[in-house]
Amino acid sequence: SQELEQSPQSLIVQEGKNLTINCTSSKTLYGLYWYKQKYGEGLIFLMMLQKGGEEKSHEKITAKLDEKKQQSSLHITASQPSHAGIYLCGADREAQGGSEKLVFGKGTKLTVNP
Amino acid sequence: DTEVTQTPKHLVMGMTNKKSLKCEQHMGHRAMYWYKQKAKKPPELMFVYSYEKLSINESVPSRFSPECPNSSLLNLHLHALQPEDSALYLCASSQVGTETQYFGPGTRLLVL
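Line by line, the protein sequences are chains F and Z.
Residue 150 is where the first sequence starts when you use my numbering, and the numbers rise one by one after that.
Residue 446 is where the second sequence starts when you use my numbering, and the numbers rise one by one after that.
Just so you know, these hints were derived from the structure itself, not from any lab.
Model, not experiment: these values are computed from the prediction.
A portion of the hints provided could be inaccurate.
Okay, derived cross-link-like pairs now, BS3-like style, lysine-lysine, Cα gap no bigger than 27 Å in a straight line [unchecked claim]: (1) 185(F) - 483(Z); (2) 258(F) - 486(Z); (3) 185(F) - 166(F); (4) 486(Z) - 218(F); (5) 467(Z) - 185(F); (6) 187(F) - 486(Z); (7) 454(Z) - 258(F); (8) 481(Z) - 255(F); (9) 464(Z) - 209(F); (10) 463(Z) - 185(F); (11) 467(Z) - 498(Z); (12) 187(F) - 483(Z); (13) 187(F) - 255(F); (14) 486(Z) - 185(F); (15) 486(Z) - 213(F); (16) 463(Z) - 255(F); (17) 467(Z) - 209(F); (18) 498(Z) - 187(F); (19) 483(Z) - 176(F); (20) 166(F) - 209(F); (21) 187(F) - 205(F); (22) 464(Z) - 485(Z); (23) 258(F) - 483(Z); (24) 485(Z) - 467(Z); (25) 481(Z) - 258(F); (26) 255(F) - 176(F); (27) 467(Z) - 176(F); (28) 454(Z) - 187(F); (29) 485(Z) - 258(F); (30) 485(Z) - 255(F); (31) 467(Z) - 250(F).
Required output: the full structure, derived from the provided sequences and hints.
What follows is the structure in structure tokens.
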């Protein structure tokens, strides 16, 4: 089963509009990562959240982790065409031998129309 | 410098070929990763190396053979691949543990 649910799956907005992408986990989040990916390219790290209630901002992007640490949101203010891409949330999960691995949500495709 | 480089950028190979993907980082990271990403899907972990030792193999078929010759380099050797192995192969690195992973631009592989 998909452990990280992202919504919406896709989003089309007009340039200048604000938008929010959500990431919900069935398990407590101990490390939540947001990445951006352009089609066919690598993932660009945006932000990482660990503490309940934590909020981080970079330029026009703000990410929050709720107090219960099961939901995160990514908010973009005054969107620009450069914000277009696929936004992926990722979380640390236990792997074999006590190691940890990163698992991703299915992604949210953002289109910003000029 | 948060750059991870990957070569080649594109690769086309037949099912009987042997090829290798290369990944390099100079951030002093001691954990390196290979991911496979199919179209419109999220990346899926294949292998993890920690301090140049294989620590995670996510039940990947033996036609994929990883190698970590030193702390800066990670290779993925490919042999007798199937068309369904066509995908974007991403390399990442991080400090050991659960620190942020930094990704390379990927190698787009097409198996004919």
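Hint check:
Restraint check for residue 185(F) and residue 483(Z): satisfied, since their Cα atoms lie roughly 16 Å apart, inside the 27 Å limit. For the given pair, residue 258(F) sits about 11 Å from residue 486(Z) by alpha-carbon distance, which is consistent with the 27 Å threshold. Distance restraint check for residue 185(F) and residue 166(F): the Cα-Cα separation of roughly 19 Å lies within the 27 Å cut-off, and the hinted pair is therefore satisfied. Distance restraint check for residue 486(Z) and residue 218(F): the Cα-Cα separation of roughly 25 Å lies within the 27 Å cut-off, and the hinted pair is therefore satisfied.
For the given pair, residue 467(Z) sits about 23 Å from residue 185(F) by alpha-carbon distance, which is consistent with the 27 Å threshold. Taking the CA atoms of residue 187(F) and residue 486(Z), the gap is about 13 Å. The hint holds against a cut of 27 Å. Restraint check: the Cα-Cα separation between residue 454(Z) and residue 258(F) comes to about 23 Å, which is no more than 27 Å; the hinted pair holds. At roughly 14 Å between alpha-carbon atoms, residue 481(Z) and residue 255(F) fall within 27 Å of each other, so this suggested pair holds.
The suggested pairing of residue 464(Z) with residue 209(F) is violated, with an alpha-carbon distance near 42 Å, which exceeds 27 Å. A hinted pair counts as satisfied when its Cα atoms are at most 27 Å apart, and residue 463(Z) with residue 185(F) does not qualify at roughly 32 Å. Restraint check for residue 467(Z) and residue 498(Z): satisfied, since their Cα atoms lie roughly 17 Å apart, inside the 27 Å limit. Simply put, residue 187(F) and residue 483(Z) have alpha-carbon atoms about 14 Å apart, close enough for the 27 Å limit, and the pair holds.
Distance check on the hinted pair: residue 187(F) and residue 255(F) sit about 14 Å apart at the alpha-carbon level, within 27 Å; holds. Taking the CA atoms of residue 486(Z) and residue 185(F), the gap is near 14 Å; set against the 27 Å cutoff, the hint holds. Between residue 486(Z) and residue 213(F) the alpha-carbon distance is near 24 Å, which keeps this suggested pair within the 27 Å criterion. Note on residue 463(Z) and residue 255(F): the hinted pairing is violated, with a Cα-Cα distance of about 32 Å set against a maximum of 27 Å.
For the proposed pair residue 467(Z) and residue 209(F), the alpha carbon gap of about 35 Å is over 27 Å, so the pair is violated. With a C-alpha separation of about 31 Å, the suggested pair residue 498(Z) and residue 187(F) falls outside the 27 Å cut-off, and the hint is violated. With a C-alpha separation of about 25 Å, the suggested pair residue 483(Z) and residue 176(F) falls inside the 27 Å cut-off, and the hint holds. Between the alpha carbons of residue 166(F) and residue 209(F) the distance comes to roughly 12 Å, so the proposed pair stays at or under 27 Å and holds.
With a C-alpha separation of about 22 Å, the suggested pairing of residue 187(F) with residue 205(F) holds against the 27 Å cut-off. A hinted pair counts as satisfied when its Cα atoms are at most 27 Å apart, and residue 464(Z) with residue 485(Z) qualifies at roughly 25 Å. Proximity of residue 258(F) to residue 483(Z) is assessed by CA-CA distance (about 15 Å); at most 27 Å being required, the pair is judged to hold. With a CA separation close to 24 Å, the supplied pair residue 485(Z) and residue 467(Z) stays within the 27 Å bound.
Of the supplied pair hints, the one linking residue 481(Z) and residue 258(F) holds, its CA atoms being roughly 19 Å apart against a limit of 27 Å. Simply put, residue 255(F) and residue 176(F) have alpha-carbon atoms about 16 Å apart, close enough for the 27 Å limit, and the pair holds. Of the supplied pair hints, the one linking residue 467(Z) and residue 176(F) is violated, its CA atoms being roughly 35 Å apart against a limit of 27 Å. Between residue 454(Z) and residue 187(F), the direct Cα distance comes to roughly 15 Å. Compliance with the 27 Å bound is thereby established for this hinted pair.
Taking the CA atoms of residue 485(Z) and residue 258(F), the gap is about 10 Å. The hint holds against a cut of 27 Å. For the proposed pair residue 485(Z) and residue 255(F), the alpha carbon gap of about 8 Å is at most 27 Å, so the pair holds. Only pairs whose Cα atoms come within 27 Å are accepted, and residue 467(Z) paired with residue 250(F) is accepted, the gap being roughly 21 Å.
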